[in-house]
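> Here is how the chains run, residue by residue.
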Amino acid sequence: MDGFLSIFPGIESFFQMPPEMAVARLLLIGLGFVILYLGCKDVLEPLIMIPMGVGICLVNAGILMMPDLTDPNKHKLGTMFLDSMVNTPADHVNALQVYFLQPIYALTFSNGLIACMVFLGIGVITELDFFVGNPKLSLMLALPAELGTFLTFPIAIAMGFTPHESAAIAVIGTADGPMVLFTSLQLAKNLFVPISIISYIYLSIVYSGYPYLIKALVPKKFRGIPMKEVTITKVSSEEKIAFSIVTGTVLSLLFPVAAPLFVSFFLGVIIKESKVTRYIHFADEVILTGATLFLGFLLGCLLSADIVVNPQMYKLIILGFIALFLSGVGGLLGGYVVCWLSKGKINPLIGIAGVSCVPSTAKVAHKCANEVNEEAFILPYAMGPNIAGVITSAILTACYVTKVQML
Amino acid sequence: MTVGDAFIFALNIYLTGIVITFVIWILIVAVSWFTKKGQ
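Residue numbers (our numbering), protein chains in the order written: chain A, 163 to 569; chain B, 147 to 185.
Just to be clear, a hint being listed does not mean it is correct.
[Said to hold, decoys possible] As a list, the in silico SDA-like pairs of lysine to any residue whose alpha-carbon atoms are at most 20 angstroms apart:
no., chain 1, residue 1, chain 2, residue 2
1, A, LYS383, A, CYS501
2, A, LYS565, B, TRP171
3, B, LYS182, B, ILE170
4, A, LYS565, B, LYS182
5, A, LYS298, B, ALA176
6, A, LYS437, A, PHE456
7, A, LYS396, B, LEU161
8, A, LYS565, B, ALA176
9, B, LYS182, A, VAL408
10, A, LYS383, A, GLY506
Derived by calculation from the structure, the hints in this document are not laboratory data.
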């Protein structure tokens, strides 16, 4: 039997690890299949979930005895994919020669570059018109939609996390993947993998989950408000470029720690508005597409059995849900306030678009309004709070990263 | 850090966020005014 198993080290490795780890590995291979299937069926966001599902399946199948880079005389269970635990420069150099994904991990994950690349791409596909044309309404709706970012911090502290970890968890409430990635890398590297994976899975579920929240909290007569009386102000490209450079500079001046995120987003917006076609294609089709593929695949490859058996993972699943639930409720409450202030002219559903997650939440608001009233075409209006949500999320993330590091 | 301290800390961050958001709003209005004046 031993001789047979030694021919197939992947199978042999099941017998070389504690039983609970072996079971967790099998469950993760199953989870990978499920995520891949739901991604292919469009139930979860396919761009992230398809590579993530493949990564989870294959990394948990392909485990074998590997030489320990820190001590050549020892061996440990590992994969040929990557080792996220290397610390010293010498170990990094060794790891680069062994693991095929190590160069991408070392050069784009450990320093947050992958989050900035995604943010640059988001900047390029962002429509700023309604936001710059109606900044007061957009920002008023975005702030209540940060309720989860605000309240999850004390809840995480109550559940036993440190302030650094709690801040990284609270940022799940911004519903902005790159922001969560950036914060967890800055503040809680030990929880970076579970926080990022939970956050991306939840963000994929937002599109199918938030409609239930909307139907539970908003009566039909409010959902069908068509917003025909609200005008969309035309905004010139010059105005959007001027706004981007001024806001980016001021925010970087206030929060240098989060300047890489600001510069990436506003550079993307400026590239779009300056209409340099070659840069637009490069940022959208090459940078954003490539970064999304590697983000999903590497996050999947980082999800190993030892992370799943960690009891903190279950707390993170609960906290991620609480954060996004509270942000959704806050967004709808903001929508109600604005509806009331406008004497019923504004559809309260655009409040949930303040939960940034571009453009999913804006599409959810539009879909739910359109189901009730075919004349309710609220997507252009919902994009305002959606973009404002990205900006308020970046501000709150920057506040957390800056202030928590002072504790 | 107690839960009470954590709530006050998070509230502090949220209020800071509101103030900066207000600054951003002023900036948008100012930029809009200047660009329209320049055209």
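> A/LYS437 and A/PHE456 were given as a pair; does the straight-line alpha-carbon distance stay at or below 20 angstroms?
Roughly 27 angstroms between the alpha carbons, so the hint for A/LYS437 and A/PHE456 is violated.
> Has the given pair, A/LYS565 with B/ALA176, been kept, meaning a C-alpha gap of at most 20 angstroms?
29 angstroms, violated
> Between the alpha carbons of A/LYS298 and B/ALA176, is the straight-line distance 20 angstroms or under?
Distance ~13 angstroms between A/LYS298 and B/ALA176 Cα, so the pair holds.
> So if I understand the rule, the pair passes when the alpha-carbon distance is 20 angstroms or less; does A/LYS396 with B/LEU161 pass?
With Cα atoms ~31 angstroms apart, A/LYS396 and B/LEU161 exceed 20 angstroms; violated.
> For a C-alpha distance cap of 20 angstroms, please report whether A/LYS383 and A/CYS501 respect it.
12 angstroms, holds
> Sort out whether A/GLY506 lies within 20 angstroms of A/LYS383, counting only the CA atoms.
Holds, because 10 angstroms separates the two Cα atoms, which is no more than 20 angstroms.
> Hint check: A/LYS565 vs B/LYS182, CA-CA at most 20 angstroms. Holds or violated?
38 angstroms, violated
> Can the restraint linking B/LYS182 and B/ILE170 be considered satisfied, given a maximum Cα separation of 20 angstroms?
Measuring from Cα to Cα gives roughly 18 angstroms; hence the hint holds.
> Holds or violated: A/LYS565 with B/TRP171, Cα cutoff 20 angstroms?
At roughly 23 angstroms apart (the allowed maximum being 20 angstroms), B/TRP171 and A/LYS565 break the hint.
> For the pair we were handed, B/LYS182 and A/VAL408, check the Cα-Cα distance against 20 angstroms.
At roughly 16 angstroms apart (the allowed maximum being 20 angstroms), A/VAL408 and B/LYS182 satisfy the hint.
Consistency with the previously given hints fails for numbers 2, 4, 6, 7, 8, ordered from lowest to highest.
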